[in-house]
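S.K.: Each chain, letter by letter, is given below.
2 protein chains.
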Amino acid sequence: MYLRRALKLLSSGLLTPVGKTPPPTCAALRRGLVLSARRRTPELSSFVARTNTCGELRSSHLGQEVTLCGWIQYRRQNIFLVLRDFHGLVQVIIPQDESAASVRKILCEAPVESVVQVSGTVISRPPGQENPKMPTGEIEVKVKTAELLNSCKKLPFEIKDFVKKTENLRLQYRYLDLRSFQMQQNLRLRSQMVMKMREYLCNLHGFVDIETPTLFKKTPGGAKEFVVPSREPGKFYSLPQSPQQFKQLLMVGGLDRYFQVARCYRDEGSRPDRQPEFTQIDIEMSFVDQTGIQRLIEGLLQYAWPKDKDPVAVPFPSMTFAEALSTYGTDKPDTRFGMKIIDISDVFRNTKIGILQDVLNKPQGTIKAICIPEGTKYLKRKDIETIRKFAAEQFNQEVLPVFLKTNSNWNSPVAKSIMEEQTLELIRLLEPQEEDVILLTAGEHTKTCSLLGKLRLECADLLEARGMVLRDPALFSFLWVVDFPLFLPKEESPGELESAHHPFTAPHPSDIHLLYSAPEKVRSQHYDLVLNGSEIGGGSIRIHSAELQHYVLAAILKEDVKMLSHLLQALDCGAPPHGGIALGLDRLMCLVTGAASIRDVIAFPKSFRGHDLMSNAPDHIPAEELEIYHIQVSRPTDSAAKKDSVTHSPQPEC
Amino acid sequence: MYLRRALKLLSSGLLTPVGKTPPPTCAALRRGLVLSARRRTPELSSFVARTNTCGELRSSHLGQEVTLCGWIQYRRQNIFLVLRDFHGLVQVIIPQDESAASVRKILCEAPVESVVQVSGTVISRPPGQENPKMPTGEIEVKVKTAELLNSCKKLPFEIKDFVKKTENLRLQYRYLDLRSFQMQQNLRLRSQMVMKMREYLCNLHGFVDIETPTLFKKTPGGAKEFVVPSREPGKFYSLPQSPQQFKQLLMVGGLDRYFQVARCYRDEGSRPDRQPEFTQIDIEMSFVDQTGIQRLIEGLLQYAWPKDKDPVAVPFPSMTFAEALSTYGTDKPDTRFGMKIIDISDVFRNTKIGILQDVLNKPQGTIKAICIPEGTKYLKRKDIETIRKFAAEQFNQEVLPVFLKTNSNWNSPVAKSIMEEQTLELIRLLEPQEEDVILLTAGEHTKTCSLLGKLRLECADLLEARGMVLRDPALFSFLWVVDFPLFLPKEESPGELESAHHPFTAPHPSDIHLLYSAPEKVRSQHYDLVLNGSEIGGGSIRIHSAELQHYVLAAILKEDVKMLSHLLQALDCGAPPHGGIALGLDRLMCLVTGAASIRDVIAFPKSFRGHDLMSNAPDHIPAEELEIYHIQVSRPTDSAAKKDSVTHSPQPEC
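So the protein sequences, as listed, match chains A and B. Using the numbering used here, you'd call the opening residue of the first sequence number 28 and step up by one each time. Using the numbering used here, you'd call the opening residue of the second sequence number 28 and step up by one each time.
One chain only, chain A, in its complex shape (with noise of 0.2 angstroms):
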């Protein structure tokens, strides 16, 4: 199963060689008609110099006059030359004849990565010499005239795929990196699916594009909102981490369908696998209920979904925050495997051991396992005493293991105090096979999950990385997760309660009776939607009664209520029911094109230092630049230096 998924990734479009993709199109006779709705392949010739990419040539061509504009990939005896652009590599004949000794000259003369336009012939490449590893194999060019269009001077690494470059390296010269094959892919990828989403969404279903500010002022609790000067003295702008109040203003404005591919701004200082500025498929609905949302969405994956990929089944599968946690031991399952969370308290409710008595005597408290397959073959008895140190040190908490040699030969330091009933009652719950190993912990129900849900997902990296296959590369595996709760406990501060994720999500319809009473225990319309165990998404059926929007922020968010006091007024004036979702599109594209990092789905990513390691932002601005802004620097005191400032290191940024 997994090798015929495998093999057919590896003959699918991510990992296919240059120039699969798209199908030949015959550009030189196409060149300068623009208008054609009908055209499904894109003209990629047309306007520019070349008749033809160098990657669609095929026999087809065989005979056609072509130019071709590329760079200088490698050269072979003076007589072979192989130019590439974005689209492939096709093999170019140097002619040696007298009279072309200019051209000659030329070709044989330009170091690597120069960049050159050939014109001449198609011809097939002589009986035996054919490339079938070569998209363009079967053919080569008989060049006549050439011009050298820029030469290349300097090369700190070679642009060769099997080249391994550092990240820092790859960063500080992107535009030599963006030549990648990957790079290339990846962005282009990128651009062609979020086409395809707008498609769906303007064309299919009537969405208006609304472009929102970004220069707009701190929401109440934005503590992560970079900060813009303006002329006024002592005023700021602030760049906002989502276009929520805009969006939610646009539906009180009556364009009852929104959605913008929306820049968004989190200043979280260094985080790995962030980035500072972010973008996400941004949606609001008037007259929408959780499920309208949610068949839009799978909709729209269903819709812009690569077509070499197994096409995406709708609807998703969804799972409460209560199940997810107690199953999967977190909000966000990767649910490509099993080795769910079992409660196994029923087991010992009657145990004479004396710790997990204990455990159950407390309020919450539970037993807990989960099953590791084969895990006596694969995990190494260092690998167990790492788990119990981690499960000691973050947790606070035993962890027994239970190895299984035969089904009837349990070998753990508990086996000998297990009644053989409750070694029938575990053997029914946690269906072990032999080889197996089971990982038991006694403790409060929530941090019991969570510990779980932890060494799940540690214990599937260790299998997959010796050699067992668990998750299918090839399989994406979506999840709704729903019935959020709508507050929690401030964690300064436990006895005060902040949005679990902002003030303006709904409460749930069963629940809101609860919200003068308990509102700790109200659920909420929020949704977020998983994939292969990432949070690509959420959003939430929002309030539209300004009474319930200020009761919610005044009383029990104790929030300044003047701060936001035109959406208040906003929702008095006739606001519509609406809910609506954002998708983090790095994240998304991250997964889809298999990339290590969603630095390699973003052009110019920041460093996780938040570096522009190219160009060098940030940087310093002399003092009288920042007059007019009305601002200067104020060196950090020391212990703020310690606690906030990044120092220049000699260390790698990513």
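It is possible that part of the hints are untrue.
One copy or two, it doesn't matter: identical chains are merged, so the pair holds either way.
Below, a list of computed lysine-lysine pairs in the DSSO-like style, where the Cα atoms sit at most 27 angstroms apart [claimed, not checked]: (1) K589 - K181; (2) K132 - K187; (3) K334 - K223; (4) K416 - K474; (5) K416 - K585; (6) K180 - K589; (7) K548 - K223.
Hints are computed from structural coordinates only; laboratory data are not their basis.
Given chain A's structure and the hints, the job is docking chain B onto it.
M.R.: Quick look at chain B alone, frame taken from chain A:
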């Protein structure tokens, strides 16, 4: 001719009553049908509570059970209720029978602009009660059930197009202003045109939509860039004025057809009809020349142009900068009407009029004129005085009017000094008609052209204000302006040169030799796209040689090349020849929709002082929140305060 066009405009989409476009669809039958690539009409009621929009109901829906969601527009005699959504208006019949008391209560008591959901049957209006002015005027909906979704509590102004509001009020309550027919039309047309542009670029011509960073570093001379403090003491990002550097680096990276609907930033303080953030259609291509870009853009506008307007004729006419200046006195001529500037210097080569003789003896001295059609009829004596005063004060130049009562009787202070052969020659050159006014002035070429260019527009406005039909409101007159100078003398120090556009613009191939001897004479490969006298786009072929770029930056512009070392390095790594363009989307949409201001084609614009009047951005931020950015507010000195700060005042913002 004008009348026909004006009538056509009246009957076209721009001024059509609500609900004309798009054509009705049978929403109820299609609900749930998500995928259909062939469908051309968007489904407007998928995924939501309604079965149909208010505006789409016609006789073809008779007998159907429908559910509508909308705003109460008005109510008559507690029997008729007109419901509105973005798509149009529909009349709803409030049931009068006893059993429907609760429905009646809801619909009769809800204030205007409340949001309701009603279900009922589409029926014919009684004979004689049809309303032909209303697209849904043949039918009405007999309501069975109704639900009040949200009651409208307050309303600062009525949501009726004929109710005049100040722009300040409109901006303060933008969410209500957006409900107006015109704002809905403007934003929807903007979304549709941008979508068509994307189809043209992505689907027809293989462009790749690539997002570039907005947190960047200050560019040399980028005095108008907002700064964004980072968490590193003294280091700032900068919000770029355009993705110029990034798009060039993408070309170096082999992404040879880039476009982006790019958010750009420019901090110009208070400027009417400018926005601190704005949007451009940003395009760059490799292996392209000026003609290639021009044909691409002509095709783009032709493809995206609204169907209810006259199609765009291509190719657009082209004019050199020199010709534009000498014929229209500006680099963005409004070519919808004549009144061209005519050089009449030769007529007066042998004149005895001393002041003319003096001017002609100076370098670049010229005598020029424009002829104002029916000026004697439409222009008042006071107008002429204003014109002469303007010329004297702003240009230190005298303007002489000649009133043509009849061809043989010129009424002018200079008439008596003009010899008959000169008069005949003037008539041949200026082709004046009876009742025209000729404005004649003498001075240095550029200044004289500039003055007459301004008077030409001023007089055109005057003529139109007095009732003359000069510019066809249905006419869209595109024009390329080319062959700009590459450098201009610096205003503050005319001995030095600065880039006429930006330092990456390539010199005209015919003028490259002058770069090293007389750079001020070099023409560039810059091109502007002008529509009806407004610049809506500009671009150039770029310098792709590192050596040439270095020479321009260091030797001619005296810039610090270190700031651009990454770009110079990139050009040395095999940069292809490339060029591009950016279209100002806000300005373009303003012209297409005929809006009074670019603020009318932007959902949430800033006031001309850069304020968001709705949320009150920019706003004060507590000093402690600025600490992590190591900045503090410095109160401006008195002189700086006078120069830069904007003081709060009760005056209108816009």
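S.K.: So, for every hint listed, does it hold in this structure?
M.R.: Status of the hints after comparison with the structure:
Proximity of K589 and K181 under a CA criterion of 27 angstroms is satisfied inter-copy only: 18 angstroms between copies versus 58 angstroms inside one chain copy. For the homomeric pair K132 and K187, the shortest alpha-carbon distance inside one copy (25 angstroms) is at most 27 angstroms, but the shortest distance between copies (75 angstroms) is not. Taking the closest pair of Cα atoms, K334 and K223 come within 27 angstroms of each other both inside a single copy (11 angstroms) and across two copies (23 angstroms). In the homo-oligomer, the alpha carbons of K416 and K474 lie at most 27 angstroms apart inside one protomer (16 angstroms), although the nearest pairing across protomers, at 83 angstroms, exceeds that limit.
Neither within a single protomer nor between protomers do K416 and K585 lie at most 27 angstroms apart by alpha-carbon distance, with minima of 41 angstroms and 63 angstroms respectively. Within a single copy, K180 and K589 get their C-alpha atoms only as close as 60 angstroms, which misses the 27 angstroms cut-off; across copies the closest is 19 angstroms, which meets it. In the homo-oligomer, the alpha carbons of K548 and K223 never lie at most 27 angstroms apart, since the shortest distance is 40 angstroms inside one protomer and 48 angstroms across protomers.
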